[in-house]
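Residue numbers (full-length UniProt numbering), protein chains in the order written: chain P, 1 to 290; chain G, 1 to 289.
If you're looking for bench data, these hints aren't it; they were derived computationally from the structure. Misleading hints may appear alongside valid ones.
What the hints assert, rightly or not - Derived DEER-like restraints, expressed as beta-carbon distance ranges:
id, chain 1, residue 1, chain 2, residue 2, range
1, G, A34, P, I130, 20 to 28 Å
2, G, N117, P, I183, 30 to 38 Å
3, G, L205, P, D143, 37 to 45 Å
4, G, G80, P, I279, 40 to 48 Å
5, P, K42, G, A175, 45 to 53 Å
No experiment lies behind these values; they were computed from the predicted model shown. Think of the CB as a built atom: it goes at the ideal place given N, C-alpha and C, for glycine as much as any other residue.
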Amino acid sequence: MPASLRSKSFVVLALLPALLIFLVFAIIPIFWSAYYGFFDWKGLGAAKFIGLNNYEMMLQDPIFWRALKNNLILVASAIIGQVPIALLLALLLLKNSWFNRLLRSAVFLPMVLSTVVVGLIWGYIYHPQIGLLNQVLEVLGLDSWTRAWLDDPKINMFAVSIPINWANIGPYLIIFIAALQNISSEIGDAAKIDGAIGWRKLFYVTLPIIWGTVVVTIVLCISGSLKAFDHVIVMTGGGPAQSTELLATYMYNNSFTIYRYGYGSAVSTMIILISALLIGLNYIITKRRG
Amino acid sequence: MQGTTDVRSSDSNGSLWRKPVSGVVKTLLLVYAAVTLYPLYWLMISAFKSNQEFFNRPYAWPQNFQIDNITRAWDLGKMGQALINSTIVTLAAVVLTIVLGTLAAYALERFTFKMNNIIKGIFLLGMLIPIHSTLVPLFIFMNKIGLLDTYWSLILPYTAFELPIAIFLGMAYLASIPREVEEAAMIDGNGWWGVFGRIIFPLCLPVISTVTILAFLRFWNDFSFALVFINSQALKTLPLSLSLFSDGFGTDYSLTMGAMFIAVIPTIVIYLIFQEQIMKGMVAGSVKG
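With the rest of the complex left out, here is chain G (with noise of 0.2 Å):
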């Protein structure tokens, strides 16, 4: 009885306390969004003053919005042809990585084969490897090869590294899809071919979406193969594009941040838009690996 009491006692005395408790922690939890938030917040605005603004009024909201950074940036600094390259790139790295990512998953949950738990272990063993430990090796074999500085160059191991993740995700959610479904294809005259493309790859489509925009993420943001494999002006992506900005337009900040403003807007938007998958995606990629 005593217990009980007191476990009354002391839960009144937390709700007289919570109100004005909480609305101090509520208020502290804003500041600390709000500090996060800043840097990204400072570039939004800085991108859309002059020169002379972001020098005199650098916390200020724009006098006046002008563009004029914007559009600098997309001719004189490269930033469209680096919009397209990126685009390029990670389109057919996001391709492959679905499709070989899905087929590989597919035949290693559904099919027991000596060798299975093997190449599992290889791909898990993969997700350990520090990426910036291949950039010599694979910089030496791109150019023996004469893939140094193409597109290719960058698809390839953007692929590799992204499929250990795409197959671990695939492997967990087949796991969860009854086998009568293939079964019944087979019977309706399907070989595995037709199963794996009219039943398990559009019964995938949920792992596929979150595959795809941590892929997406991750390649449209990749900086260090870019900047070892990549050497023409004409292939360069997005950051690489900007981290020689700073180089090539010194002190032309404002410059700068229209570039900068160019290559996030995109992530932001997807970002936005796909919040809860890519949190939940980020959080199983990364304890996966």
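Just chain P, same shape as in the assembly (with noise of 0.2 Å):
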């Protein structure tokens, strides 16, 4: 066999599984379900070709909405939370000293745990009766503050946003730390010989540099609030009266609890649609700015 034809036969074999597994678990899956969006189908049974109505319904479905509202909420939270918080510690964390290294350890080790794990012991804290929090706030004379905090629907998405955004600050901490120390010290000194030192130097000089880092944490921030979906079927299932519900739950509930699994493709497809305009509009907006 000659040398050329033996190499390609290697890189088919190699490539092959890994592609055929990618392919068919990961992108396949999308088409199907976009397909299976325009069905009437309760997993028994025929399917029935139904167009655009699925959407339709979507559409019309006020929960459809509030899900999609609980999933920008997750996302402004995430992004008002997470992005200044990482920012800030990662400023005065920034030297690798032990003690640093330690509370960088401390700050990231949520991020290891199972979602599950998470879920349920902040449903502890939030018990209305057994709970951490409002027993705090009782110690502190706090009464009127107590209550059922994952059941009061004015309240429970920022409730449920707490845990999440709890979990998830250590890469971002981790990823601004690295833009920082990749700053050069001749860009900090120039900064200082200017008189920028303090809040104005984080404003003009190292904010404008690490411009492109912060996009970076907003758009993950984006893409990882909108596959939130473990903590709150832990902590609330969606509820109380799908007040919680996100699109993620909203697709899970309605496909895996009411068995309507053509609505939930359409569902499906709605996610990725969302999160490919998310991403996009993120991308062009920042884009117009740096």
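Two independent chains are provided; combine them into the complex using the hints.
Here it is in structure tokens:
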């Protein structure tokens, strides 16, 4: 066998298994999902083609819009919460001292915990009777503030967002530290000579330099928040009365609780379209500004 | 001249303030870290308390450590079986990811062919797919081919979604290895498979260890795939068993704490050993995604 043919057969055999598994279990499902989205199908019996009916139903369902709004609340809370806190911590933990390393590890730790564990622990913290939070408030004399944090539809989305933020700050911290450590000390010296110190240095020198990194973290916040599912399923299951429903839990509950596979597929397709839209939008906006 | 004196004065001003300010900052940072770690600490102490103590002295150190919760969770709560299931599924998916990912990375990094960029593009695109949007179609598909409710229904999707990270981290690492090494091995009479098995794979061990740790954490902690694809009690993984725990055992809170303790310990031990690698690897993986 000639050498070129031999290397060709090696490439094909080396790539094929990975490509096959990836296509079958990650890429092709998206197309199936788009296809099933045009059908009314309960899992048993024949699927009935109904065109765009599922999408019409979705757009008319107030729960869908609530789920979308809740997802956007999570996106906003991630951008307002995770990014500034991570940046502030990164500025303070910039030097590689043992103290700073220790704190970085502590901040990152929740990231490696199972989402189910995070959800269960915080479910206990929020528990109206045995919960840590209410007990602390009582000790502080703030009895009037105590409530059923995950049941009250006015605040339960914010209660849900805190553990998600808590668990996800770590990676942003490390990203910012890497970006800040990349700024050469000459720039810092030059800024100092020009009188830029403290907050002025942060806003006029540091932030513009790491702006690209900030954009990356915002994109990660968006895609990460749209993926939110586990914490909510464990803490509230989307309830009570679907008040904490997210797009993913809405899809899950429709598909696997009431077995509307066609409708669930349409929601899946919508999730992909929305995340593509949001990421594209963010890309355009930040590109123009940067 | 004016400029330099200004700098000096602001500098000395800075050092005058630096000590007390940095003391306050350090304290605040410690408080932040303590708040971050507190839920985990609370889980750890609660796992060793009786239910009565859990209610009466929720924040106190356990009066007498009792492992009753953990042994009961292990037997009664089937956490032992769940631990075995998680281990099997995680191990198999990690091995598949490593072998297939490194092979694909090698083929894509070292060989030029027509489809090269297209295939890279497909893998890159795959990193943007929200995993949950594949749950319904995968459920239907695996139901059809009889994979549903087997170990494979987790192993194959896990591998598929971890392959892009394994491939891109692998390619970045391979780019730093000079080609002369392989050419020498070729002259020694190795085919491409020999070169890969004897030279490339061992050389890639550093990046393979990073991918292994990342894949381990992702597979070990996965909830959504297990929730949808696994139904039999005998096949449930740790996160899935845990999620059902609070339903099944109602108000037996310290039992649930014991079960969580079992699930959390392996990841914390791995984290304590490999934390630098985990932090860097997770960031590399997420940024590329």
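Verification of the supplied hints:
{"no.": "1", "hint": "G:A34 to P:I130: 20 to 28 Å", "result": "holds (22 Å)"}
{"no.": "2", "hint": "G:N117 to P:I183: 30 to 38 Å", "result": "holds (33 Å)"}
{"no.": "3", "hint": "G:L205 to P:D143: 37 to 45 Å", "result": "violated (59 Å)"}
{"no.": "4", "hint": "G:G80 to P:I279: 40 to 48 Å", "result": "holds (43 Å)"}
{"no.": "5", "hint": "P:K42 to G:A175: 45 to 53 Å", "result": "holds (51 Å)"}
Violated hints amount to a single one, hint 3; each of the other numbered hints is respected by the structure.
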